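All chains should be built: construct the whole structure from the sequences, respecting the hints.
Top line first, the protein sequences correspond to chains A and B. Everything in the first sequence is counted per our numbering, starting at 34 for the first residue and increasing by one. Everything in the second sequence is counted per our numbering, starting at 18 for the first residue and increasing by one.
Read the hints as simulated data drawn from the structure, not as lab findings. None of the values given here were measured: they were computed from a predicted structure.
Only some residues are given here: those of chain A computed to face chain B with a beta carbon under 8 Å: (1) Pro111; (2) Leu132; (3) Cys147.
Just so it is clear, CB atoms sit at the ideal spot from N, CA and C, and this is done for glycine as well.
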Amino acid sequence: MGKRANSMCPRELISRRAFLQLLLKSGGLALIGAALYPVARYLYPPRGTEASVSSVVAAKIGDLATNAAKIFRFGNRPAILVRTPQDELKAFSAVCTHLNCTVQYDPEVSVIWCACHNGKFDLNGQVISGPPPRPLEPYQVNVRGDDIVVSKPT
Amino acid sequence: MKRLSEFLRARYELGGLADLATHKTVPLHRHSFWYYWGGMTLALIGIQFASGVLLLLYYRPSAGEAFESVRFIMTKVEFGWLVRSVHAWAAHFAIFSAMVHLASTFFLKAYRPPRELTWVSGVLLIFLLMGFGFTGYLLPWNTLAFFATKVGTELAGIPPVVGPILQTFMRGGSDVGDVTLTRFFWLHVAVLPLGLLGLLAGHLAMIQLQGMSRPLSVQDERSTPFFPNFFLRDLIAWSLILGAVLCISVYAPATLGEKADPFAPTPAGIQPEWYFLWMFQTLKLFPGHVLGIEGELVAVGFTGLAGLALLLVPWLDRPARRGQSHWLTMLLGFIAVGYVVGMTGYALWIGKPH
Chain A
34 MGKRANSMCP RELISRRAFL QLLLKSGGLA LIGAALYPVA RYLYPPRGTE ASVSSVVAAK
94 IGDLATNAAK IFRFGNRPAI LVRTPQDELK AFSAVCTHLN CTVQYDPEVS VIWCACHNGK
154 FDLNGQVISG PPPRPLEPYQ VNVRGDDIVV SKPT
Chain B
18 MKRLSEFLRA RYELGGLADL ATHKTVPLHR HSFWYYWGGM TLALIGIQFA SGVLLLLYYR
78 PSAGEAFESV RFIMTKVEFG WLVRSVHAWA AHFAIFSAMV HLASTFFLKA YRPPRELTWV
138 SGVLLIFLLM GFGFTGYLLP WNTLAFFATK VGTELAGIPP VVGPILQTFM RGGSDVGDVT
198 LTRFFWLHVA VLPLGLLGLL AGHLAMIQLQ GMSRPLSVQD ERSTPFFPNF FLRDLIAWSL
258 ILGAVLCISV YAPATLGEKA DPFAPTPAGI QPEWYFLWMF QTLKLFPGHV LGIEGELVAV
318 GFTGLAGLAL LLVPWLDRPA RRGQSHWLTM LLGFIAVGYV VGMTGYALWI GKPH
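Right, dumping it as structure tokens:
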């Protein structure tokens, strides 16, 4: 009987002091966690503060000469509209796929060029040379009346 | 002065504090010159606190006003140009001085037991100083800083898992903008200074408690009291560096450039501050892909590992733990210094990247 009572008693598994210490430590950790969690969430920027845009008027017809380009605002990011030497209209995200610099059009060689690390893209957005790992994100171009409308591909 | 001292001594037990001040000695030997660089860094950090507090009076941390407020400081506020130039130049000097201090403690093996934690706190301090440089660079909100920050925060986002979280945390959104400026300002004037003060207190307390390290190669047992003998020499060095900072600020004041336009193409010649140039140059020389992995990931991984290795030097240099100097440690040290200096020089030499 005595033996049975002993085996049920937790004293053999863990001493009273160790149990209280465990309780205190886990309580302390829980307290720190409870304090830090809201702080971490507070520090992380809230979602949904940036409007997403699917289509914008990039320019008016006649704004853009042949073999020229224009940077325009697409949501909160820059995009580039190019009128190629063949008189086609092309639009891409102007954010270089390498390290986020803003690209520009070089009319002398008809390439889209990033000044940061000398990345070059052709007029289909494909990488010609330099460090960019991916092509530029292409956008659709439509002409509605006088407006050149650029939208995300559906 | 004497009466004040008597007044305080009659009321407080100052013996312990006085003991702590007189207890420390500075070893005298042919490498003693390098002992000045820690104090030099400390003095420059002091200049940064003083000039930074002054700048806070007029600076406004928002994309709409930051550039204009810095221009106001530079053109309208009396001696504003001087305060800002001192802040900009002393920052360069502080990082340079910290780098010399780090290199000298490395080559003199001051990190060997029992001073491992002094080394670790020192390396963390230099990382913090670079954090100050990175966040402070954006605050004038000019074109150069804006795009350098875009690239810098893009790099921070490259490591898997933690990268994107860190990047969003730093930018305050998906891209560099007004909120990024607020965050960088917050880091620059509140979070980093608190971290710096804490780490610095630990760093200095450890040096005070353990005394200064004597290099392995030095048999000379001579030393001089830190207070007042070495401290007075420190003061001479500090006066000289303050003079140098003031001189260079007068003859080459900090420039402001053009206000950042997030919807303009990135101009050529975007460069980070000189102390990040070696990483920037490494990145530029890396191909798009290495063994099927994106080049930047490899370059960023390489930099991260180098930083970790630097932090763990006291444990990696096992011969030094036994009080021995090993040629391999010295060679690796020279290669590292040579690489950083060489890459920085190369980046400065080729200048604009087109």
